[in-house]
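Peer 1: Given next are the chains, with one letter for each unit.
There are 4 protein chains.
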Amino acid sequence: MAYDLLRAFGRRIRWGMVGGGIDSLIGEIHRMSARLDNRYELVAGAMSVDPAVARETAELCLVDPERSYEDYRDMAEAEAAREDGVEVVTIATPPHLHAEIATLFMERGIDVICEKPMTRTLEEAVDLKQSVTRSGRIFALTHCYTGYPMVREARALVKKGAIGAVRQVECDFPSGPFLVEEPQRDKRHWRFRPEFMGVDAILGEIGTHAYQMAHFVSGRLPVALSAHMSVLTPGRETFDDAHIVLKYEDGALGRMWLSFVAAGNEHGLAFHIYGTEGSLKWHQERPDQLWLQHAAEPARRLTPGHPDRMTPEGFHACRLREGHPDGYVLAFANLYRDFADIFFARALGRSGATPYAHFPTVEDGVDTMRFYAAAAKSNAQAGAWIEL
Amino acid sequence: MAYDLLRAFGRRIRWGMVGGGIDSLIGEIHRMSARLDNRYELVAGAMSVDPAVARETAELCLVDPERSYEDYRDMAEAEAAREDGVEVVTIATPPHLHAEIATLFMERGIDVICEKPMTRTLEEAVDLKQSVTRSGRIFALTHCYTGYPMVREARALVKKGAIGAVRQVECDFPSGPFLVEEPQRDKRHWRFRPEFMGVDAILGEIGTHAYQMAHFVSGRLPVALSAHMSVLTPGRETFDDAHIVLKYEDGALGRMWLSFVAAGNEHGLAFHIYGTEGSLKWHQERPDQLWLQHAAEPARRLTPGHPDRMTPEGFHACRLREGHPDGYVLAFANLYRDFADIFFARALGRSGATPYAHFPTVEDGVDTMRFYAAAAKSNAQAGAWIEL
Amino acid sequence: MAYDLLRAFGRRIRWGMVGGGIDSLIGEIHRMSARLDNRYELVAGAMSVDPAVARETAELCLVDPERSYEDYRDMAEAEAAREDGVEVVTIATPPHLHAEIATLFMERGIDVICEKPMTRTLEEAVDLKQSVTRSGRIFALTHCYTGYPMVREARALVKKGAIGAVRQVECDFPSGPFLVEEPQRDKRHWRFRPEFMGVDAILGEIGTHAYQMAHFVSGRLPVALSAHMSVLTPGRETFDDAHIVLKYEDGALGRMWLSFVAAGNEHGLAFHIYGTEGSLKWHQERPDQLWLQHAAEPARRLTPGHPDRMTPEGFHACRLREGHPDGYVLAFANLYRDFADIFFARALGRSGATPYAHFPTVEDGVDTMRFYAAAAKSNAQAGAWIEL
Amino acid sequence: MAYDLLRAFGRRIRWGMVGGGIDSLIGEIHRMSARLDNRYELVAGAMSVDPAVARETAELCLVDPERSYEDYRDMAEAEAAREDGVEVVTIATPPHLHAEIATLFMERGIDVICEKPMTRTLEEAVDLKQSVTRSGRIFALTHCYTGYPMVREARALVKKGAIGAVRQVECDFPSGPFLVEEPQRDKRHWRFRPEFMGVDAILGEIGTHAYQMAHFVSGRLPVALSAHMSVLTPGRETFDDAHIVLKYEDGALGRMWLSFVAAGNEHGLAFHIYGTEGSLKWHQERPDQLWLQHAAEPARRLTPGHPDRMTPEGFHACRLREGHPDGYVLAFANLYRDFADIFFARALGRSGATPYAHFPTVEDGVDTMRFYAAAAKSNAQAGAWIEL
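Chains as they are written, first to last, in the numbering used here: chain Y, 1 to 388; chain R, 1 to 388; chain U, 1 to 388; chain A, 1 to 388.
Looking at chain Y on its own, in the form it has when it is part of the complex:
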């Protein structure tokens, strides 16, 4: 039963946030996700570098003002020292701070849920992986789209051989902040300012999502890639479009298109995976449909909610009956729920209690940052093939 581990644990996890102030979009997504299944209580935070925003966010979230910190270092110290300090912290700052903050908390025995991209560089990612190993903490990376029921179903179907051997993995992320012209520098989001995340930020922002999704569903990691990137928006200083071809060990191919100039796609993460016997297609803007096409049969439209029509792995991610669309927050919340259940199982000494729980790990993070580095390098070399 979905709430058994929570009942056995007997209370919610004491949870904190670094970043995710009310001026960010993503902060409230994390909070809704954490609240949805009743497994977390927000008790502390350093939710903005701006003290006024941090204070206001804490108030709006009903966090005790004494546990609203101006600096995450203070928060780590103080919370680690409390009897009732936070047990899990979510990091929703810009990516160049992730590694440092995560390490700081993990060293003090606090588990971490971290926004993507995992780090600023591949080197930081490798270091962070060592911190995770050293500390023995649970570390989750919120590549949230893997929480959708039909994405998990797709993975389970590929594993079962439903499309035969994987031949081609297409995964695109044409996204929507489409602009006719780049605004003045000080009005830009940090992800379009090269001094923050470099000119290649698109690879971290949406590229790591697409890469991790392709891996998650296909179960495969490519061995080499060739990337071509461009600046298509007038006045922009960072790449806003990338075409990447990938190769797998056995000759299977990957294709990826990332774009911030794709008018007509609002948030169009999508995959189409082709195997020797059929294909699976999914699109984030219509997440409750998974198309299964076998060579000699009519296309089948798979939908969530019914245990007899899904794998146990896919059904594990469903909260609603068929015909009731889940949507983005419920997908995101699956990562929080699964993280909590693994936390509970560990606390209760019940290994094996969470067979279908899933979230992307620090290893996934290292893989995505390796992809990031390779794609940037390939593009700098006019599309040369770079090994992964």
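No wet-lab data here; the hints were simulated from the structure. Mixed in with the good hints there might be a few duds.
As the list claims (entries may be wrong) - To list a few chain A residues with every Cβ distance to chain Y over 10 angstroms, as calculated:
hint, residue
1, 78
2, 81
3, 100
Unchecked claim - Short derived list, chain U residues pointing at chain Y, Cβ under 10 angstroms:
hint, residue
4, 296
5, 302
6, 309
Keep in mind it's a predicted model, so treat the numbers as computed, not measured. Cβ coordinates follow ideal geometry from the N, Cα and C atoms, glycine included.
Fit chains R, U and A to the known structure of chain Y by using the hints.
Peer 2: Okay, now just chains R, U and A, sitting in the frame of chain Y:
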């Protein structure tokens, strides 16, 4: 700002539930909806008539065992007597109990959120309305589909005249518990057992949803109807299909189809409203799309999430940016959020603070039960026109 | 092979038209349909009551001016007298002339392809049926939508029991000549002028299409109906909207909606047929998709063009491989092709040579006119049930 | 008026075919297209290299057996010598014969409609262009997809600036002859046998369609490309998958994916063109929809058939009213119709009489073969950038 009233109130609403045990589907939908926006804390309940289920549900929900009641009458007494008793109660029992339970709590000063259909009969509905008036309590009816952003957008567009004068209101609800044959009596859901809700239960179960939706979006109430109902599933004892034609005062028409035998429709509540200048179309299985068609122009696909592309009323219902599907729970949660904000505004004496807050009221409930009674009567008279 | 009968016959059918001048939309549809498969040569016509239009149409169609007639009576006489006179004539005049013209040609040994509705009244229809029987001529009625491959596939699937026993037949035709206001009388199409076709013309214009489609696909004829009709367009003198409920002998139900005020539907003939084991759904605006939904399985999207994925009856209607949309004219042309093949088979004495050839017959025409009369009568009696 | 030039010319064009026997799929497509608008009469042919097939095809098509030739050289001689010889010939043989046959007929004063890819090599293409110039004949290449109304509409909209300056041109052609394993050599279609068309045949078969479509709609030709091709079907000897990135002079980008291993795509030619102000999207499997998306507005679904909602260029390609799907054959037939009208206008000395007539020309053919050669070369050099 979305959380301002909560901040001013300074704490969550103390909330209880009657019905909605873990063996029901709808109970957890209410709890997710209540938790999502951090405005409610579940502190008491009489969540099942089966004491074991009631106890287990309370435990799973982290409710203090002392405040888990076996009888809702005890709960009303005890909670009303506590300093820290519940302020709002949700009623998720079978409908024949709604009126009695709601009145019981309202008389003790506790506001009510009530599942649909509002009551078992029109007479009970009229009485319940008097109870609401007498007690002065806030009363909401969870016709949840009106919480979808694009449904609220449709209403705002009709109000603005975007499709001219309303001519025809089509609202169907072909739903999915499709069966090849009705099972043995004791394996049936209570809604298919005539001794519980009568042979006309389909009118309450999905008919009131369709009726209320048509009213909500069109802003219009019909004046007469003609209904034809059938039993199409072998072995079934209750109607499972209804065709209803409705007339409005000015000659505009309504059409409604309700069905439990509609294989291929999972939960297909849908409306298509035609005006003198265009039409609006929406379907619950794809809730983030609203189609606006003007006579001489290409069809436009409206989507949520962007303030520049929506009315303030529609945008009020959005939590996410464009391209991130909201889904059913977020729609349902809009009723809880809006209810809470009206609760806070009353407590804080801030009238006018919630211009776009909305939930169906006891008046809507009386209307839907009047429809229910008229449709049952028309069908019993071979489709005779019955005034509403 | 598709052209075997043509080869054996050795030449095209000598074909003529009454009505269908260049100022009509439907005339050229017939001519494209007749030409597509090389089975007809247009050699004579009385293609308009306006002599100038008749002459111009003949010229544009490369018809010998001597065989372009001003009056269909002259045409019948003259062509019947020629050695090389027309063998088949298409009638595309307004419906009140169909019976007279058809009889005129059939009595002279000329086969007839006739536009719908078959006649102006049920009485005329019954008479026409007698003419057909008496003359022994081939008579086809161009309810063209039954020519679509996926419509024929749907019929074959129902026959095979793919959805179990038919329970409900929904067939709607919301169509597009949407107007904000009816124009001046002399600018109206004849179908909106009561002096031509009566106030009920919508029943003939689109109602007979829907009725015949429901019959064609389900294989069932209803036994009674109840109809409600309305005038919704300001200034209009003829009904432009109809809701009809139908009953079948065994308790199965039908539903039909006809409308000329349905902005957002361009030409939306559609059926959804529900059986005890599943449903079939089709929509004329996307004619190459047929949705098959079984109770416990994912929806399947059936498409034309592949012999291994279709019944022989469905595949018979395909000219193209999968992925190449057929469209309206190819559907229409299937009636012409099948008519010609039956013509050839008769001429060659090869009975049984055309197992899958199909076109609506004079019996279908009588059925549709019986429906027309009953619906008009029911509406005049406030929706009373009328037997068919 | 659509048939004015035909009326003035007074008779159909005498037309012949080389290739396109009854054992080919494409032959009958050409014949249906030629017959549809009454502008061609098939009077001669060398329709197969197999004399029995040639003879049978002629019989089925009602061609005089004396004008059914075994060798296209004989046909060219004999028809050129006749008073009533063919005026236009369609070439539907395998591509390595196109240039020779086309030249043979053009030198004898006969106009040519030629299947794609235009030739076997770029050199042949350049030579053929010289033959066209030298002979002064009309030469059309049947890249048939440019005949769809909404494709022509897209081109007209791009020209009008409806999406601003073109930034990115995505054009894919994932096609359907999906196989689990390549069959024995003698059972393969010639396009999968390297000895016929080389290992790169996919570039001619579907690549030239995609390339020409991208050019047609965007009005732009790229200046360089990088291609990666693969063999993904076990046992196959020819490439069956290609990813190509293209660059335009001003930094705009192109992307192309070609595939024969794309289960789930039946015949999925599609484009999505992004400009500085919006995008246009079209898919061959749903050809009557063109999606126009502006940055700050709802997506608009454009459909054919209504002169007030289309450009004159787009409407020129429509034969049917809105809501009546055109389909593949009507698109193909637009090339035949436009070709005939230009033929008539030349014969009648009416220059300027065909403002919207369009078909791909020998220049388009040279462009597509230049693309073919460059993509094959780039792939052979591991994706090196090759200038066009």
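Peer 1: A separate judgement is required for each hint: does it hold in the structure or not?
Peer 2: Hints versus structure:
The Cβ of residue 78 of chain A sits about 46 angstroms from the closest Cβ of chain Y, beyond the 10 angstroms cut-off, so the non-interface label holds. Chain Y leaves residue 81 of chain A outside its interface by the beta-carbon criterion, the shortest separation being 51 angstroms against a cut-off of 10 angstroms. The claim that residue 100 of chain A lies off the interface holds: its Cβ sits roughly 37 angstroms from the closest Cβ of chain Y, which is beyond the 10 angstroms cut-off. Nearest Cβ of chain Y to the Cβ of residue 296 of chain U: about 6 angstroms, under the 10 angstroms cut. The hint holds.
The beta carbon of residue 302 of chain U comes within 5 angstroms of a beta carbon in chain Y, closer than 10 angstroms, and the hint placing it at the interface holds. For residue 309 of chain U, the interface hint holds, since its Cβ comes within 10 angstroms of a Cβ in chain Y; the closest pair sits about 6 angstroms apart.
The structure is consistent with each of the numbered hints, conforming to all of them.
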